[in-house]
Amino acid sequence: MPHLHELFHRIDYAQLTSLYIVDCRLQLEDKDIFRDLAIKTLVLSHTHLRRLPKAIFNMDSLEILKVDRNNLEEIPVEIGNLRNLKSLCCDTQRPRLRTIPHSITKLERLEVLSFSNNRIDNIAWAVALPNLRVLRCARNRISRLPNQLVNLRELTVLDVSHNRLEYIPPSFVDL
Numbered sequence: 001m002p003h004l005h006e007l008f009h010r011i012d013y014a015q016l017t018s019l020y021i022v023d024c025r026l027q028l029e030d031k032d033i034f035r036d037l038a039i040k041t042l043v044l045s046h047t048h049l050r051r052l053p054k055a056i057f058n059m060d061s062l063e064i065l066k067v068d069r070n071n072l073e074e075i076p077v078e079i080g081n082l083r084n085l086k087s088l089c090c091d092t093q094r095p096r097l098r099t100i101p102h103s104i105t106k107l108e109r110l111e112v113l114s115f116s117n118n119r120i121d122n123i124a125w126a127v128a129l130p131n132l133r134v135l136r137c138a139r140n141r142i143s144r145l146p147n148q149l150v151n152l153r154e155l156t157v158l159d160v161s162h163n164r165l166e167y168i169p170p171s172f173v174d175l
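Position one of the sequence shown corresponds to residue 1 (full-length UniProt numbering), numbered consecutively onward.
In short, the hints are calculated from the structure, not lab data. No false leads were slipped in.
Cross-link-like lysine-lysine pairs, in silico, DSBU-like; alpha carbons within 35 Å at most:
1) Lys86 / Lys40
2) Lys40 / Lys66
3) Lys54 / Lys86
4) Lys106 / Lys66
5) Lys54 / Lys106
6) Lys106 / Lys86
7) Lys66 / Lys54
8) Lys40 / Lys54
9) Lys86 / Lys66
10) Lys106 / Lys40
Based on the sequences and whatever the hints tell you, model everything.
Spelled out as structure tokens, the structure:
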């Protein structure tokens, strides 16, 4: 199987705006593999990734990052470097994600966040994402919704189905 960086050397990717790599085993020995890409969309789904290459967190133009169905053990704190990110999907990791780093609150342009089918138990940080429109966190271990979640004026979709909810703030009645 060719290494991904061998394929990249054969492509003139100056015009590339989106890259989809789905349902394959990635070999990412080259830590700088995404270094010079100025893409807006990066999809690495079902690629058996255990960690995200550090070069991804220097992609200033990245707006959509989809890394679902992988083997990520964590979302690195460097996720906060992606200031132009509008959509992040990290559903169904094996082993399942247990936390989302607080640095995600630096993503002020984030509109869509999905981390369903993991083991997240706390979403208090979500209240610091002013442009969040869609929050999908179904099939996790969330027991409480933060009171301030109702202050997210752009939020139109909140999927907390199949969690361990024990408390829904009274302020949700006013929505």
